[in-house]
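Can you make the complete structure from the sequences, with help from the hints?
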Amino acid sequence: MIRRTTSSRIIFVGLCAITAVFLFPLLITLFASLKSNMEILTAGGNLFPEVPRWENYVEAWNMANFKRYTVNSLFVTSMTIAGILLVATMTGYAFSRGSFRGKNLLFSLFIATMFLSWGPIMIYPQLQVAKFLHIHASLWGYIILRVFTVNMTMIFLAKTYIDSVPRSLDEAARIDGCSFFRIYWNIILPLIKPIIATIALLTFGETWNDYLLPLVFTMSKPVLKTLTVAVVGLKTSGQVASSWNLMLAGSMMSIIPMIILYFSMSNYFISGLTRGAIKE
Amino acid sequence: MILPSFLGLIIFSVYTIGYVLALSFTRRIGGQTVFIGFDHYVRLFTRDPNYWTAVANTFIISGKLLIELPLALILAVLLNRKMRSANVFRVIIFMPYILSAVIIGLIFSFLFASYEGIVNNLLMDMHLITTPINWFGTRAHALAVIIIASVWQCVGINMVFFLTALQSISPELYESAAIDGAGTRTQFFHITLPMLKRMTKVITLLAIIGTLKSADLALVLTNGAPGGRSENMMTFVFKYFFSQGARAPQIGYSAAAGTVSALIIGLITIAYLLLTRKEDSV
Amino acid sequence: MKRVISIALILCLFPVALFAGGAQERVDAPTVVDVWTRNRHDKDLMVNQVEQFNQTIGKEKGIEINYQIYGDDFIDIYTIAFQSGSGPDIMNLDESIAEGVNKGVIQPLTSFDTEDWVGAFPFNVDINNVTSYGGEVYSIPQFAFTMRMVYNKDLFAACGLDPEQPPRTYEDVVAYARTITEASNGKKFGVALPFKWGEGFWAWAGTYTIGGGFGRKEFDYRNGKFDFSTLKPYTAMVKQLKDENSLFPGAEGLDNDTARAQFAEGNVGMMFAVSWDVAVFNDQFPVKIDMGITEVPVPEATGFKYKSELVSEGEWWLGSGIESAKEDAVWEVYKWLNSDEIVAMKYEAAKNIPVNPTIAAEATAPDVMGFAEFSDVTNNTVYPVVPSVSVEGDTYDIIFYNAVAGQYSIDEAVEKANAAYNAALQRAVADNEIDLADFQIPDYSPALAQ
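Chains as they are written, first to last, in our numbering: chain D, 1 to 280; chain X, 1 to 282; chain A, 1 to 450.
For the record, the hints were derived by calculation from the structure and aren't laboratory data. A portion of the hints provided could be inaccurate.
Said to hold, decoys possible - Restricting the straight-line Cα-Cα distance to at most 25 Å, the calculated cross-link-like pairs of lysine-lysine (BS3-like) are:
no.: 1; chain 1: A; residue 1: Lys188; chain 2: A; residue 2: Lys239
no.: 2; chain 1: A; residue 1: Lys187; chain 2: A; residue 2: Lys242
no.: 3; chain 1: A; residue 1: Lys326; chain 2: D; residue 2: Lys221
no.: 4; chain 1: A; residue 1: Lys225; chain 2: A; residue 2: Lys305
no.: 5; chain 1: D; residue 1: Lys221; chain 2: A; residue 2: Lys103
no.: 6; chain 1: X; residue 1: Lys201; chain 2: D; residue 2: Lys193
no.: 7; chain 1: A; residue 1: Lys242; chain 2: A; residue 2: Lys153
no.: 8; chain 1: A; residue 1: Lys43; chain 2: D; residue 2: Lys67
no.: 9; chain 1: A; residue 1: Lys326; chain 2: D; residue 2: Lys131
no.: 10; chain 1: A; residue 1: Lys61; chain 2: D; residue 2: Lys221
no.: 11; chain 1: D; residue 1: Lys103; chain 2: X; residue 2: Lys201
no.: 12; chain 1: A; residue 1: Lys335; chain 2: A; residue 2: Lys61
no.: 13; chain 1: A; residue 1: Lys187; chain 2: A; residue 2: Lys239
no.: 14; chain 1: A; residue 1: Lys59; chain 2: D; residue 2: Lys221
no.: 15; chain 1: X; residue 1: Lys197; chain 2: D; residue 2: Lys103
no.: 16; chain 1: A; residue 1: Lys305; chain 2: A; residue 2: Lys103
no.: 17; chain 1: A; residue 1: Lys43; chain 2: D; residue 2: Lys221
no.: 18; chain 1: D; residue 1: Lys131; chain 2: A; residue 2: Lys103
no.: 19; chain 1: X; residue 1: Lys82; chain 2: D; residue 2: Lys193
no.: 20; chain 1: A; residue 1: Lys242; chain 2: A; residue 2: Lys416
no.: 21; chain 1: X; residue 1: Lys197; chain 2: D; residue 2: Lys193
What the hints assert, rightly or not - Quick list of the computed label-pair ranges, beta carbon to beta carbon:
no.: 22; chain 1: X; residue 1: Ile129; chain 2: D; residue 2: Val223; range: 14 to 22 Å
no.: 23; chain 1: A; residue 1: Gly303; chain 2: X; residue 2: Leu66; range: 57 to 65 Å
no.: 24; chain 1: A; residue 1: Gly134; chain 2: D; residue 2: Val223; range: 35 to 43 Å
no.: 25; chain 1: A; residue 1: Ala419; chain 2: X; residue 2: Leu3; range: 50 to 58 Å
no.: 26; chain 1: X; residue 1: Gly181; chain 2: D; residue 2: Lys103; range: 42 to 50 Å
no.: 27; chain 1: A; residue 1: Arg222; chain 2: D; residue 2: Leu47; range: 25 to 33 Å
no.: 28; chain 1: D; residue 1: Leu47; chain 2: A; residue 2: Val429; range: 52 to 60 Å
no.: 29; chain 1: D; residue 1: Trp54; chain 2: X; residue 2: Val42; range: 30 to 38 Å
no.: 30; chain 1: X; residue 1: Leu3; chain 2: A; residue 2: Asp72; range: 37 to 45 Å
Note that beta-carbon positions come from the ideal geometry of N, C-alpha and C, so glycine has one too.
Below you can see the structure in the form of C-alpha cells.
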C-alpha cells in the first residue's frame, strides 16, 4: 500500500479532495472567530475577516474565566473517562468472557437502555436520584451520574472488541492459575488499547461538550461551572443580540484539549503498533 | 465485575424508565399532576399527524448512513497507515465531531444562506442553478441540509471506530495473502471485510440508534423550518418537553411521544439484530 | 492506559484541593441572595449596581447579591433548577403568571410585604393575570415594551421614496418593498422577516402589532374566545411580500440576529423592531445608515384608529421555596431591585420605558438615538391579557406560516387556529384551569388613538 502506482495516486488525490470538503467548514469557523459580530452575520460568505480581531480571543478568555473553568472541565472529564473506562471494559469483559445465569437476559436489558432513552425528559428523574443521594450540587454528582448510568455504547464497543481477542490467551492464563479478574487486568486490558483509546475519546467528546447536566449540577455553585457551560454563556454575554464572535473564539480555544488528546491517542488507531500478543 | 453497571442499571435506568413511563400517563392540570390513562397515546396515534411526519423525517434522515458508513470505512482503510499526511487527513476528518451543535448550526447557516450563501454561489458559478436556492424553504431542502451537516459531523467518529476495528486484524493475514499474490482489492474483500464483520455490525447498530435519537443538529439547523415540516422524532419530544415558542411544555405528552419513539427504535434494533444474527451463523 | 489513568488522578487532585478551601463557611459570611435574570439589555448597568450594592448596603446589612444572567433557554434552566431544589430567590419569569404559579416556581409578595410596600406605588400594580393571580400580587410592573417599524432612510432616498413618508398601511409596505427590491438588483431587499425566530417573529412582529389595527389581539374579549381573524391582513401582507420576493432571501432560515445585522449593514429597507432593539442598533450592530422609526403600519381598512400595544410585565418575582432564614435579606434585595432609584437609572440609560409616571416625569430623558421614538407612549396602550392554553397539534405561528407558504389558504389558517385554540380553551375551562371571567370583558371597547 505504498504510493507508487497510478491508482494509489488517484486515491491520494481523492483523499485530498474529500479532506478539503471536510476542512472548508472548519476554516470558515476558524476565520469567523476573528470577525466582528456584525461581520459574522452580514458577511458569512466571505472566508477571511476584513481585519482580524484577535481581541475576540482575549475577551472570550477573560469573560469565560477560562483558567478556572478549564481546571473544572479537566477534572470532570478525566474522572468521568477513568470511571467509564473501568466500568465499560469490566462489564464488556464480563459479558464477553463470563458465564453466569441470565447473562443473555441481562445483556438484552442493557441493550434496551440504549433505545429507552428519552433525551431531555430523563433529566428530572436523574436529578431526583441525585438529590436523593445528596450529590445534586457538586461536580462529583455529575461524574457519578455519568459513570453509573449504563453507557451501553461503550460497553457494546468493549464487549465486541474483547470478543475478537482470541480465547486461547485467557485459557492459557487460566491454566497458569490466573483469576477471572487477573486475566482482565493483566491479559485483556493491554490487548484492547485501541478500543480503550476510542472509548476515552468518545467519553471526552461527550463530557467536554456536555452542557445541560453540568449546568444543572453547578447552578448553586457557579465557581464549579465547566468550560462548555461558560463558552455557551459567551453567546449571551452581549446585551440583546448573541455575541457569536466571542462564542466562536471561546469554542476554538476550548477544543484545543480535545485535539491534543486526539493526537496523543492517534497511535492506538494505527496498524502495527499495538499488536503484540494477538495471534490467531 | 458487572456489579457497577448493574447498580447503575437499577438506580438510574430502572427508576428513570419507570418515572418517564408513569409521566406519560399524566397531565398537569392547575398545578396538579393528574392521571389520564392512555389519552396521550390515543392523541399521538389518532390526532397528531405531525408526529408521524416527524417519524418519517427520522427515517429519511437515517438514509444518510448509506453514505456515511461506507465513506467512513473506506477512509479508515485508506488512512490506516503510519504516515504524516494520513495523520493530518484523519484529524481534519475527525474535527467536526468535536464542534458543538450550536457552532455547526451557525456555520451551515452561512454555507446554505440564500443571500450570498457559499453553496449557492458555488452552484451558480458551476451553472448548475440559475437562481439561489432557498435551502430552508422546503422540506426536501431542509432535510438535505440536515443530512449533509450530519454526515460531515459523524463520518469522523465512525472512521475512528473502523480504524479501531482494523487493529484487531492480525497483519500476518495480510502478509501471507501478499505472499499468495493477492492484490490490494482481493485483500480488502477477502480479509478486511470478513474480519471487520463483527465490529461493523456493532458500529452500524450504534450509528442507527445514534441517528434515530439525534436532535441537536436539527434543532439548530432548521428548528423545524419550514413550518414544522423538518422535525424528527427527538426534536418532537424536545419541543413538547421544553417551552418552545408559542407552546408551554406538555411534559406528559412529550413522555408519551418519547416512549413510542423508544419503541420504534427498539423494534428497529431488534429487527437489525435478528437480521444480522443469520449472517453470523453462516 | 495506566498512564492515562494516573494523569487523570493527578489532574483531579488540583480542583479537589481548591474546593476543599471553599467548603468551610465563615461564621460572619453574608446571606447570599440568588438573583437570576434573562435581561441582557441592562447587563452592564445592573452588574455595576449589584457590585455597588454588595460593597455598601449589602456590607452593612450582611447581604450579598449573586446576580446571574442566563440566555435564551432561561425558562428551561429555572424550571429544572426548581425541580432539583436549587432555584433562585428572585428571578425574571419567562412564562405566563398562571403557568408560573401552576409550576410552583413563584410565590406572592403578600407574606413578605408586612408594611404595605405594594400599596404605596403611585400606579396600579395589581393587573390580573399579568402581575397578580388569584387575587394576590406576585410582581411589580416596572417596565414596558413598545413596537415600531424601523426603516432605512438612505435606501428609501436611493430608491426614489420619500424618507420622511414611511409606510402607514400594509399596502404601503408591500408597495415600498417592491420598489426597493426592484431598484436594488438583488443586493438589497424591501423587508426582513426572520421566520427562524419562530414564535418570536409571529408574536412581536405579528400579534403584538395587530392590536393597533383592530383594537384587540387574537382574542375576542367580548365573547371570551379566540378569534385569529385579526391576523388575516397581516398574514396576507407577509404572503404577498414573500410571493413577490420582496423579503430578504431565506426568511425561513433567518433569525432575528442576522436580520438586525443585515438591517444595520444597510441591506434591508424595513423591519419590525421592539424597544430593546435601541440598544442593539446603538451598540451591538451599530447602524451604518440613517435609521427612521415610525409607528407600526396598520391594515388599510382602519387607519391609525386604535392605540397600538404597550407590553407591560412584572420584572422581578420571588422564587418559591425561599429558606425562612433568608427571607428578610431576600425582601431587602427585592425592594432594592424595584426602587425608584434603580428604575430611574435604567430609564436614564435608555434601558427601560418605565411604567411609573413619576419616574418618567422626574428623571432626565436619555439622549440615545431612537429611544425617544420608542418611548413615546402617547399612542400606546396596554391590551387585556390573552389566556395561555395548551394546544394540540400546531401552534398558531406554524399554522400561519404554512398559510404564507401556500399549504392552505389564510381563511383555513384562521379556522384551524380558532378550532385548536378554542378547543384547548374549553378543555382548560372544563378542568378549572382557567376561569373565563378573568379574560372576558363583555363591554370591552378599545382605546382610540389621538
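Are the Cα positions of Lys187/A and Lys242/A separated by 25 Å at most?
-> The given pair, whose Cα atoms are some 16 Å apart, holds under the 25 Å limit.
Cβ-Cβ distance between Ala419/A and Leu3/X: within 50 to 58 Å?
-> This hint holds: roughly 56 Å between Cβ atoms.
Go ahead and decide if the range 30 to 38 Å is satisfied by the Cβ distance of Trp54/D to Val42/X.
-> At 59 Å between Cβs, range violated.
Assessment of proposed distance window 35 to 43 Å (beta carbons of Gly134/A, Val223/D) | holds, 39 Å
Taking only the CA atoms, is the gap from Lys197/X to Lys103/D under or equal to 25 Å?
-> Distance of about 23 Å is within 25 Å: holds.
Is it true that the CA of Lys225/A sits at most 25 Å from the CA of Lys305/A?
-> Holds, at roughly 23 Å.
Pair hint Lys43/A and Lys221/D, alpha-carbon separation not exceeding 25 Å | Judged against 25 Å, a Cα distance of about 21 Å means the pair holds.
Lys242/A paired with Lys416/A [C-alpha distance capped at 25 Å] = Roughly 22 Å separates the two Cα atoms, so the pair holds.
Holds or violated: Lys188/A with Lys239/A, Cα cutoff 25 Å?
-> Distance of about 19 Å is within 25 Å: holds.
Are the Cα atoms of Lys305/A and Lys103/A separated by 25 Å or less?
-> Status violated; Cα separation ~39 Å.
C-beta pair Arg222/A, Leu47/D: status relative to the range 25 to 33 Å that was hinted | violated, 58 Å
At the C-beta level, are Leu47/D and Val429/A separated by a distance inside 52 to 60 Å?
-> holds, 57 Å
Hint compliance for this structure: hints 16, 22, 27, 29 are not met, and every other hint is.
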